[in-house]
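Chain residues, written in single-letter form:
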Amino acid sequence: MSGWLLRRALQAVLVLAIALTILFFLMRASPGDPLARATEDHPISPAELAVLRARYGLDQPVSRQFVSFVAGLVRGELGVSIEYARPVTALLAERLPATLLLGGSVLVLNFTLGLWLGVRQAVRRGQREDRWLTAVSLVGYATPSFWLGLVLAWFVGIKLRLLPAAGMQDPLLSWEAGTAARALDVLRHLVLPVLTLSIVSIAATMRYQRTAMLEILQLPYMMTARAKGLPEREVIWRHGWRNALFPVITLFGLWLPILVTGSVFVEAVFAWPGLGSLAAAAVWGRDYPLLMGASLLVAGLVVAGGFLTDIAYALLDPRVRLA
Amino acid sequence: MTPWTPRLSVSAGLLLLSLAGSSAAQSSSSRRGSIVIVTGEQPTMPIPTMMEGAAGTQGNLELADQLFCRLAGLGPTLLTAGDRGFVPLLARSWTRRDSVTLAFDLDPRARWQDGVPVTARDVVFTFERARNPSIAPRLVALLRRITSVTAEGERRVVFRFSEPYAEQLYDATFHAAPLPAHLLDTIPPEGLARSSFVTHPVGSGPYRLVRTVAGQFVELAANQDFFLGRPKIGRVIIRVASDPDARINLLLSGQADAIDNVIPPLDNLHRIKRDTSLRLIPVPSPSVGFLLFNQRDPADPAAPHPVLSDLRVRRAITLGLDRHLLVHAVFGSYAEVPYGPVSSILWIRNGAPKARRQDVEEARQLLAAAGWRDSDSDGIRDRAGQRLQLSLLLPTTSAVRRKLAVLIQEQLRQIGLALELQQLEFPLWIERRTGGKFDIDFAGTIQDPSPSGLTQAWSCTGGTNVAKYCNPRVDSLLDVAIRGQPKENPGQPWFAALRQIEDDAPATFLYAPFYVYAVKRHYRNVSIMPASSWLLLREWSDSR
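These protein sequence lines are chains A and B, in that order.
Per the numbering used here, the first sequence starts with residue 1, numbered consecutively.
Per the numbering used here, the second sequence starts with residue 1, numbered consecutively.
Among the clues, some could well be false.
Unchecked claim - Here are the simulated EDC-like pairs of lysine to aspartate or glutamate, each with C-alpha atoms no more than 20 Å apart in a straight line: (1) K159/A to D359/B; (2) K437/B to E425/B; (3) K468/B to D504/B; (4) K159/A to D275/B; (5) K437/B to D310/B.
In short, the hints are calculated from the structure, not lab data.
The whole structure should be built from the sequences, with the hints applied where relevant.
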């Protein structure tokens, strides 16, 4: 086990190093000036631009910029954002909680409600509930999340005024309101963006889980379990569902990086202060340091997704050994 | 369906309702005497002398105006020439010793937010920082005519200029609000951006910074000891939403009380108009949009542009466009067609001639005179086998320009000119335009209140003259206008320069919009300054 962990850690470092090196040079090779934003509103002269280039090290050869980047990385620094004029690590750390809250809530809903509904559909294959849920999930899956977000914000937030249309917290909520009130406030703001993202993702998970479970239900060992007189709930959830989880676990691994990258539009529509919008702004503005920081995070999540998937496989299937 | 499915649905519904039920009532009492302003840009560096490069955003400039006071402010006329159009702030008065020397007397009541008096030393210190080229390259250029800033005692500061010109007072007061020397003189200039002063600034303005919640909002509290009177609105939240729809949703859902610059499409304004609790306030804006004609061949910058170097073609394009119709289609009544590169914020707009109306017939005659004729009757003119075809460069980020470009393409087709639209991602667009790789650039700029900034783009040696337009007569006229002493009509020398620019047609000047703000009606004494939207917030009151 420890040998496996060490090997995976080394692999992860290698994957990250290759990914970041490719990204670093691709970014610099692509057209577009990282100081473009600086000239957006107030055009500046070439002389002023030269000073700014020197400030951000953009006047150096790309190879030297790469060496500086690697040296910074070793020290745990990702440089200073051109757009925000602040250390990238601080910017990422500020936005990470909002992303984890939104993405985590979606992930939890997705892999509880989605799995449960998928299993129910499979067990009731062809019945009215299955047909209804299939129709609903297909509609959900086909709905563009940014459109759904706009509709929910307008209807629930503006027309009915039931929940906040945007933002993550009420800035006027007094500090004396207490932790519970503030948590409730964040929860109220969380509902619409989570609903928007979940409706689409739950639909996908339901479809995966339904298909996987249908395959399992037809296998002979399920009949054996029933023949042994086991209660139906135990047959379904203990014997069936456990083996129908593998495709969904793979899906979970793929979903992890989407925590950051997949919610860009929803973050924009709901003014949610997460990493997605920060990363998108970095791309549009060619903010190299911020872009590298966001890429490192996403690449890290991809590696972590694969790692967690392997562990989950080993835990669920005794035939799989982490060696 | 099992019995627990409806139970689950009911529980989820109840949870939602209880969340909704705990709505804004909790904070309704804290709303009184406060205001939530929703804006598109997160302020990152609202510190005078530090707002350079990417930090030179409107969000930073406007927040800095709440935290820091200038020596004097622009008055309602926005007149930057002479000494008449300004109102006293940190300086209670100023005197002109000679044509190149201005002395300011500081208001003895002025205090930093830590209670220390504002002194002449602070002003001297600030201008030392502002004229440091490694810190503030843009400011150095703007302040190049200030030769020295010296203190005479605690309360008097003297500015000396390299030459007599009309905007000495403007240069001394507008570009850099004083910083507290007693807090900053131990921090090296290059270390200021990473110092705690940036996150916890101590200013001299009507509001102090309480907290910044990253990506969400900035909270300000009234400076109770502000020397010009305590602000009536005690708490200000500047809430950030980069998406225009999210901004409008925040306003219409009651989560915000005011919004800056409701951008087109006009449907956005119609949505807000339907809410009777809001009022719309159009304000002159520093924005101006135009079609910039490259004078040089994009393939060979040493050679003149094969088509656009001909004045007749440039004039034909301008006359071929119904600019008033274009502007109305996109901005409704909230924009005008400018005369020259003049936004609605520039005082020289007042009294300037009117822009010419569309004249398709004259446009066609000009093109024919230049040798462009439709010899193959395909609707597009040609000359010596070459079609009259040009490309229009524009950024994908501007919905206004994207919409206008399509309309312009159609109108120019009517005079036999084929326009190819090249929509580029913003950084790529900047790279192409600054490299001179374009025929026509759909430019949009934000101007300072001073017309002297026109030299940057419209003089032969202007730093941002990417189209390489050059007419020494224009340079001379601009120079006269800048150096001129304000008399009865200080705009006259500027009008002469603008007339020459219009005659040369280096661009088709399309729109000078008004920004449209929306504010809840229960705020009284509402006044929005074009140069800095919320500058007079300290005079607003809340009638709730």
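Exercise. When you check the alpha-carbon spacing of K437/B and E425/B, does it fall within 20 Å?
Worked result: holds, 15 Å
Exercise. Does the structure keep K468/B and D504/B at a Cα separation of 20 Å or less?
Worked result: holds, 13 Å
Problem set entry | Pair hint outcome, K437/B versus D310/B [Cα-Cα no greater than 20 Å] | It holds: about 18 Å lies between the C-alpha atoms, which stays within 20 Å.
Exercise. Would the pair K159/A and D359/B pass a check requiring their Cα atoms to be no farther apart than 20 Å?
Worked result: This hinted pair is violated, its Cα atoms lying about 48 Å apart.
Problem set entry | Pair hint K159/A and D275/B, alpha-carbon separation not exceeding 20 Å | The given pair, whose Cα atoms are some 12 Å apart, holds under the 20 Å limit.
When each numbered hint is compared with the structure, a violation occurs for hint 1 only.
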